[in-house]
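> One-letter residues, chain by chain:
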Amino acid sequence: MSYTAIADQPEGESHDPDTFITKYIYSQDHKVIAIQYTITAIVVGLVALVLSGLMRLQLGFPDTFSFIDPTNYYQFITMHGMIMVIYLLTALLLGGFGNYLIPLMVGARDMVFPFLNMLSFWFYFVSVLVLMASFFVTGGPTGAGWTLYPPQAILEGTPGSGWGIILMLISLTIFIIAFTMGGLNYVTTVLQARARGMSLMRMPLTIWGIFVATILGLLAFPALLVSAIMMLLDKIVGTSFFMPAVVSMGEQLNYSGGSPILFQHLFWFFGHPEVYIVALPAFGMVSDVLAVHARKNIFGYRMMVWAIVAIGGLSFIVWAHHMYVSGMNPYFGFFFATTTLIIAVPTALKVYNWVLTLYRGNIHLRPPMLFAIGFIFTFTHGGLTGLFLGNVVVDLPLSDTYFVVAHFHMVMGVSPIMVLFAAIYHWFPLVSGKHLNDKLSRLHFWITFLGTYAIYLPMHYLGFLGVPRRYYAMGDTDFIPASAQTLNANITVAALIVGLAQLIFIYNVIRSLSKGEKSEPNPWQATSLEWQTPDFPPKHGNWGKTLPVVYRWAYDFSVPGAKYDFIPQNVAQEDVEPEDLEREGLDQDGGDGEISSEGVESMGDKT
Amino acid sequence: MSFFKTLGEKPWLAQTGEIPLINNAEQTILKGKTALKFFLAVVGVIFFLFTVTFLSRTQFPDFMALSGEPWQPFTNPVQLWYNSVALLIGGIALQWAKVSAKENHLNRALAGIIVGIFFSLSFLIGQLLVWNQLYDLGYVLTSNPANSYFYLFTAVHGLHILGGLVALSKVTFQFIRKNSLTKLSAGISLCATYWHFLFVVWLLLFALLTSSPETYKTIAQLCGF
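Protein sequences appear in the order of chains X and B.
For what it's worth, the numbering used here labels the leading residue of the first sequence as 1, then goes sequentially.
For what it's worth, the numbering used here labels the leading residue of the second sequence as 1001, then goes sequentially.
For the record, the hints were derived by calculation from the structure and aren't laboratory data.
What you are looking at is a predicted structure, and each value in this text was computed from that prediction instead of being measured.
Cβ coordinates follow ideal geometry from the N, Cα and C atoms, glycine included.
Keep in mind that the hints are not guaranteed to be accurate.
Claimed, not checked - Not close to chain B: a few residues of chain X, all C-beta gaps over 12 Å, as computed:
1) K23
2) I35
3) V50
4) F61
5) F65
6) T71
7) W122
8) G217
9) S256
10) W306
11) P330
12) T339
13) V394
14) Y471
15) G475
16) K563
What the hints assert, rightly or not - Simulated pairs of lysine-lysine, DSSO-like, Cα-Cα distance not exceeding 27 Å:
17) B:K1170 <-> X:K23
18) B:K1178 <-> B:K1102
19) X:K539 <-> B:K1031
20) X:K23 <-> B:K1102
21) B:K1178 <-> X:K23
22) X:K563 <-> B:K1010
23) B:K1183 <-> X:K545
24) X:K545 <-> B:K1031
Work out the full structure, taking the sequences as your base and the hints as a guide.
Structural data, given as structure tokens:
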């Protein structure tokens, strides 16, 4: 059987890198672009991490730090939120992992439009530069809160209402263009460049998650684009799309008749799918990490795919649950509360399936697995508080309190970050050919995992007390006891420890790149295609001379009758080595035996 | 519904029979088509959302529609009709170029492209003329939300046409450099689809922007604004 795959057709340019610049800077190789995305996202994410540390210093120890005034504080929270949600999580999950994993996991040589892919990264890079530039303009970055609600976002009195907000909106516009270019690539590659035999339902869940999240992004980011353009016009030219008649600083402004609520609808029509743009790739990746390190097929694969698709669809009809207090027809509130609670069904289904994948699995508690299991905890906790907040009557008193802050940080801050670490620890050997240091990884996990609970669990209590979010300082109130401040100080200490602990991770990565133990190919004995490349780590073009042919799904772990506990996707049925019945119980085989005994050891540690 | 059929597959079952070929000869065209479908969806969402905000904005008391009364500029929008015809001809020319390229009539295809580019540019210039006329009549960008929306819609639509022109010239230059008629045919085919899509969008915008206040009210009531 001979066939010519898309990447092998003569007219396709091979864009072979030959100089330093084409290899590392203007590269069209999806793996290099992925690393560029990852590094940029992590660097900008560190900026946001430092900002959150500064915020916590102010909240934990008010009146102590003279360099944090209310203006700075608002700028910190705004930039922290925007960077984390869009420039770190979205970019890292889709631009970083999407780019790296899609072609490798579906068995393609590269993305279908490599040039567009390169352009996508450079647009993203420029959007980050524009955003960072806002730290250095007169008035500083915008302090309007990450939701950028008009009218206050563009009116004097709000920090950074001059150049700050303009640069923010421009940066978002550039980011959306970058995302669209990348996103078109991801969906087209998944749909049209899969290896022979790789049917959609044989794709690893990672690809399903990234694929559906990309479609969500393509359909949801336009809402942000539309609102950014209209707000820019309101700000620069003086139109009244969102701006009502306003008296500002005792002066009647030239705006009239616009509707700020309209902006909120647009923003959340983007904002809620955005949660799932971040969550779905994380769901997918964690499923694969769990299956590989539990040596078991993922429980209910089809149900997992259906849940991803269902969550994707539902995510477009829940947006107004962010706006219960903005005022709307009570029937709308009822509708959006109902859809919000319905979305918990497929989500809960996924959580059950992850737990059932672990059930009676051969669990290897290696660092990626630790983070994956940690994710199940943080996500369940964050998700459950979401059920509270989804109800209108419960949301009204809790709205804009620390309860909400704790909820969304658990569910879409900590949880995706746990998966990102799981994914980095899992795929680092593939990317670099080196192992990360095991002890440092475990240390990083425990500080991060326990530390996030130390931060966010008390925050729920503060929320119940009625401590409002986005306040620079609490001042004297009758209803908040003084002890709330003690809790706040504790949270700050925990946050600083967790923040500093991330340096362990950075040190570990940098050190392992040069001094790390060399990894053998397919160290976790995974079945999916990215580990089956002829070169390890994969080279430009990924597959050497011939593309792989796929004979099975990605979850053939511990198949009865097979010699090894995993069968890669590109192994045909007749090539599967049968179990050696005579030597049963005397497994002397190198790699497999080693990993198994290590697994038994780790399990022994825990029980 | 093949999508639901796909979702119903049981991937854990062993492979039976021949492994179906996913990649085939038409792949190059297919990937372009797939990407274009998604891109059109993105553009569609952008215009849809603008339209939704527009319809809700029409119901605010300060909104003064650009048509309905004899003295308003779009009660009899002659220039806009001219522009629409120009865009229509541009699309038809590209369609003709596409068919010609498929039938290996190179000269016809190139002629089609040139006619297409010419009429698309005329459309853009026509739109600028309308802007100019409005401006002279005192209908500036900020004086009323209806004006703001008119400028915004036409600008966004015009930018999409401009982007299409860039793509079209890229296809043409690639052909001149490499002389591959299949690639030209595939490229023109995508451009033609894009043009038809933008023409339909324009017709909808045209209808929307020149409607009377009563029409807005009816639509808004139907949509529940």
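> Next, verify each hint and record whether it holds.
How the hints compare with the structure:
1. K23: The assertion about K23 of chain X holds, with a minimum of 25 Å to chain B.
2. I35: holds, 24 Å
3. V50: holds, 35 Å
4. F61: holds, 44 Å
5. F65: The assertion about F65 of chain X holds, with a minimum of 42 Å to chain B.
6. T71: At about 30 Å from chain B, T71 of chain X clears the 12 Å cut-off, so the statement holds.
7. W122: holds, 17 Å
8. G217: Its Cβ does come within 12 Å of chain B, the nearest being 10 Å, so this is violated.
9. S256: violated, 5 Å
10. W306: With a cut-off of 12 Å, W306 of chain X comes too close to chain B, as the shortest Cβ separation is near 6 Å.
11. P330: holds, 14 Å
12. T339: holds, 17 Å
13. V394: holds, 26 Å
14. Y471: Check passes; 32 Å lies beyond 12 Å.
15. G475: holds, 38 Å
16. K563: Nearest chain B Cβ is 17 Å from K563 of chain X, so the label holds.
17. B:K1170 <-> X:K23: holds, 25 Å
18. B:K1178 <-> B:K1102: Between K1178 of chain B and K1102 of chain B the Cα gap is close to 17 Å, so the pair holds against 27 Å.
19. X:K539 <-> B:K1031: Holds: K539 of chain X and K1031 of chain B sit about 24 Å apart, inside 27 Å.
20. X:K23 <-> B:K1102: violated, 38 Å
21. B:K1178 <-> X:K23: holds, 25 Å
22. X:K563 <-> B:K1010: Distance of about 24 Å is within 27 Å: holds.
23. B:K1183 <-> X:K545: Within the cut-off at roughly 25 Å; holds.
24. X:K545 <-> B:K1031: Distance of about 22 Å is within 27 Å: holds.
In the structure shown, a violation is registered for the earlier hints numbered 8, 9, 10, 20, in ascending order.
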